[in-house]
Amino acid sequence: MDLLLDAVIFGLLLGCFYAAVSVGLTVAFGLLDVPHIAHPAFLVLGAYCTWLLNGYGLDPIVAGIVLMPAFMALGMAVYRFYYETFERRGSDAGLRGLAFFFGVVFIIEVGLILLFGVDQRLVEAAYIGKSLDIGDTRLPLRMLVAFAMALILTAGLALYLSKTFTGRAIKAVAQDETALRLMGANPVRIKQWAFGIATAVTGLAGALLIIIGPVEPTIDRVYIGRTFCVVVLAGLGSMSGTLLAGIILGISESIVLTMLGASWAPAVSFGLLLVMLGIRPQGLFGR
Amino acid sequence: MTARGYRFWIGAAIVLSAACVAAAVVKNEYYFYAAYVVIQFVVLATAWNILGGYAGYVNFGSSAFFGVGAYIAVMLIKWLNLPLGLQIIAAAAVGGTLGFGVGLLTLRLRGIFFSIATVAITIILETAVINWRFVGGATGIQILRPPVMEPFESYTKMLFVCMVLLAIIAVAIARHIETSWIGRGLRAIRDNEEAAECTGVPTLKLKLAACAISGALMSAAGAPLAMYQSFVEPASAFNLTYSVSALAMPIIGGTSHWLGPVLGALLLGSVQQIVTVTVSSELNVLVVGVLLVVFVVAAPQGLVGLFTKVKDKVKGN
Amino acid sequence: MAEPLLQITNVSKRFGGFTALDGVDLAVAPGERFGLIGPNGSGKTTLINCISGSLRNESGSIRFGGEDISALPAYQRTRRGIARSFQIPRPFSSMTVMENLMVPLEFVRHRHTLHRSDTRAEALEILGSISLADKADTPSNQLSQVELRKMELARAMAARPRLLISDEAMAGLSGAEIDEVLAILFKLNDSGITIIMIEHIMQAVMRFSQRVVCLDAGKIICEGAPGAIITNANVQRAYLGN
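Residue numbers (the working numbering), protein chains in the order written: chain P, 1 to 287; chain X, 1 to 317; chain E, 1 to 242.
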């Protein structure tokens with residue numbers, strides 16, 4: 001029973017982290033409808049950039065924040081390119097856009113392998129390696145730091161989307177592009193900005209990724225399952241749903257990990273995703 | 001049969017005889033070892049194109065079907081010691097069923113959900129195999145090749161000819177679909193699914209059929225892997241690099257004509273073999289990724305499209 | 001009225017919290033020219049999507065030729081004789097005009113006798129009847145707006161429908177082009193096809209229809225001969241606001 005309780009607590013921490021690595025996709029795929037299968041690869045890219053900066057002695061979280069403007073620019077460039085080459089031309093955009101992002105996944109993966117090799121990479125910080133004991137439960141400090149940052153990140157993005165003018169415009173563009181155009185806003189520029197924000201957030205989430213554990217270039221593949229599972233579970237585009245869905249996934253994975261062992265863990269997110277697509281593709285919290 | 005039909009089958013007969021003659025004449029085993037992989041990609045790319053190219057549903061999980069084929073063969077060897085032909089047929093049956101199942105689950109949804117579901121299937125199956133001791137778990141399993149059958153002098157040569165035959169079957173099926181009413185229905189789906197449904201096309205049935213046929217061919221292509229390598233492990237049999245190749249080759253070759261995936265697979269497959277031997281296997285994945293992105297952006301009709309453009313220009317002048 | 005070809009009884013459709021159709025009753029007689037009007041967002045397109053099967057109605061029933069078709073997928077309805085054009089044309093853009101027509105010819109009309117039918121000749125005949133035969137081998141993504149509209153009608157005709165739903169087939173066309181499309185629709189009706197016309201161009205719909213129904217906010221607000229509709233106070237209120 002204690003084991004199960006530990007698993008649930010650990011799963012809660014992990015779940016908030018999963019929400020943080022997925023919010024970028026909630027915006028990019030859930031709101032903007034971009035088939036961004038390369039999102040997890042961007043996440044790993046963020047983790048590697050953090051690792052590089054950490055090599056110069058920068059704290060990984062500071063590194064993640066430092067990365068955000070660069071990732072923002074990267075995201076805006078990627079969206080612009082995607083829009084010009086695929087979205088604007090219509091008809092075949094779905095097929096080609098998907099193939100494009102799938103190609104990008106492998107370019108990033110192999111690029112990282114060629115530059116840094118296939119070895120696992122770690123970051124160093126004061127809070128990594130220590131843990132906090134509460135009763136019999138031992139909580140690694142790195143998980144707690146990632147948990148806190150994940151909450152701040154997710155809440156911050158949710159506030160941005162609901163409280164600011166641009167944020168509300170981003171939500172509006174997801175619902176009715178024509179209405180937005182009538183109001184005098186340029187939907188393409190808003191989407192470009194939104195994709196930039198999503199990518200910036202993903203950069204910081206990449207820092208969290210390497211804080212909670214070692215990272216290697218092809219780790220993005222399991223995160224395809226985790227991030228898409230969270231976004232679909234949440235009901236495309238819902239921020240509060242993303243947090244809840246992340247927690248559901250985190251706890252499920254943690255329980256499976258405790259009961260069946262680590263080798264089954266990757267199947268949890270993909271299995272949950274598949275079940276959701278089969279029975280309720282509009283998500284748990286969607287209409 | 002039309003004149004084109006005769007020409008196709010004569011061409012197929014020539015290819016098959018050439019493969020047999022080469023197997024009898026050429027001594028260096030390595031050529032067959034490499035050619036096998038290239039021809040295997042002809043099957044995978046052609047199979048991918050039936051759903052992806054004609055109907056516009058992007059399968060990211062070719063490796064799932066491929067891996068299932070390989071492991072069905074492993075199971076049949078371990079349990080019943082069945083011969084290669086039966087392994088391939090059984091693999092095709094299971095692959096077809098898997099395709100039908102995945103299709104039933106997600107082909108009602110928008111294209112991207114189908115794509116993500118196929119990645120999910122890959123990882124789930126890989127995880128299941130990793131946890132299955134009987135077929136060797138994560139460490140893989142060694143397979144003893146039975147003695148080679150007459151008239152072949154080596155097992156690799158036999159597998160090579162077998163794969164050529166499989167490729168001919170796959171291309172013939174794809175070609176038949178493409179030139180018949182089925183292909184027209186699939187193209188209508190890709191162009192506009194709602195309009196297709198409203199002009200009498202049973203869209204779900206056609207998509208399911210395409211998905212099942214495509215899955216069956218992919219699994220058939222994976223079945224001889226056990227014998228080819230004498231060793232199968234989940235990390236390589238289910239590797240996503242099969243998926244990206246199976247998708248890149250038709251897109252590079254051109255998705256609208258059956259020749260596209262064949263061309264793409266022959267070209268890219270050969271380049272991959274050369275790069276893997278001379279540089280590294282990582283670089284060959286990079287080549288695939290970069291070419292995929294370049295073609296999807298700059299030449300969406302692929303090589304076949306470029307050829308027809310050039311031909312039209314020459315005619316025009 | 002004789003036994004109606006299309007009988008819609010108490011059909012409703014909701015999207016989330018939004019009621020698009022609210023208990024619509026409608027009957028269309030065989031051979032009738034029927035006009036459907038209403039302001040934007042009044043539920044016209046939702047209604048014909050429910051008839052053609054692109055959407056499923058939540059309550060009520062839709063009967064066609066005496067058979068309840070509410071549960072049938074769209075392609076089955078097309079095979080039973082309901083064809084449509086789209087508000088924004090939806091050609092199969094990778095195909096030529098001829099191939100666009102081959103789709104319904106192969107999947108509806110000749111699906112049992114494909115091997116002994118000359119579908120090309122038949123497609124050419126249909127194209128000839130609306131003077132589009134010279135465009136047969138043109139890729140459909142190179143057509144002009146009016147040609148696209150005509151091709152959609154030809155494609156619908158190739159399914160040999162008993163009921164044709166024309167969804168704003170005249171939007172964006174010039175006066176002469178509107179006359180051309182209207183002439184095609186009259187000719188189709190002469191050959192016995194029932195036609196439902198949805199149209200914003202009042203002059204066209206009033207000239208064409210024998211009977212007109214006006215939808216507003218998912219409900220039928222009035223029904224009658226074109227002359228009576230145009231002077232109806234409810235209709236004027238719906239279009240112009242209070």
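Bear in mind the hints are in silico, worked out from the structure with no lab data behind them. Even for Gly, the Cβ is constructed at its ideal location relative to N, Cα and C. Do not rely on the hints blindly, as some may be mistaken.
To be verified - So the derived label-pair ranges between C-beta atoms look like this:
hint	chain 1	residue 1	chain 2	residue 2	range
1	P	Arg189	E	Ala176	38 to 46 Å
2	P	Val118	E	Gln142	29 to 37 Å
3	P	Val275	X	Thr308	39 to 47 Å
4	P	Gln282	E	Ser59	32 to 40 Å
What the hints assert, rightly or not - Derived contacts from chain X toward chain P, CB cut-off under 10 Å, selection only:
hint	residue
5	Ile89
6	Ala93
7	Thr97
8	Leu104
9	Ile123
10	Ile124
11	Ser236
12	Ala298
As the list claims (entries may be wrong) - Think about it this way: if two alpha-carbon atoms lie no more than 25 Å apart in a straight line, the pair counts; the simulated DSS-like pairs of lysine-lysine are:
hint	chain 1	residue 1	chain 2	residue 2
13	X	Lys311	E	Lys135
14	E	Lys187	X	Lys315
15	E	Lys135	X	Lys313
Each hint tested on the structure:
no.	hint	verdict
1	P:Arg189 x E:Ala176: 38 to 46 Å	holds (40 Å)
2	P:Val118 x E:Gln142: 29 to 37 Å	violated (50 Å)
3	P:Val275 x X:Thr308: 39 to 47 Å	holds (44 Å)
4	P:Gln282 x E:Ser59: 32 to 40 Å	violated (21 Å)
5	Ile89	violated (28 Å)
6	Ala93	violated (22 Å)
7	Thr97	violated (16 Å)
8	Leu104	holds (9 Å)
9	Ile123	holds (5 Å)
10	Ile124	holds (5 Å)
11	Ser236	violated (13 Å)
12	Ala298	holds (9 Å)
13	X:Lys311 x E:Lys135	holds (22 Å)
14	E:Lys187 x X:Lys315	violated (41 Å)
15	E:Lys135 x X:Lys313	holds (21 Å)
Going down the numbered hints, you'll see the structure goes against 2, 4, 5, 6, 7, 11, 14, while the others check out.
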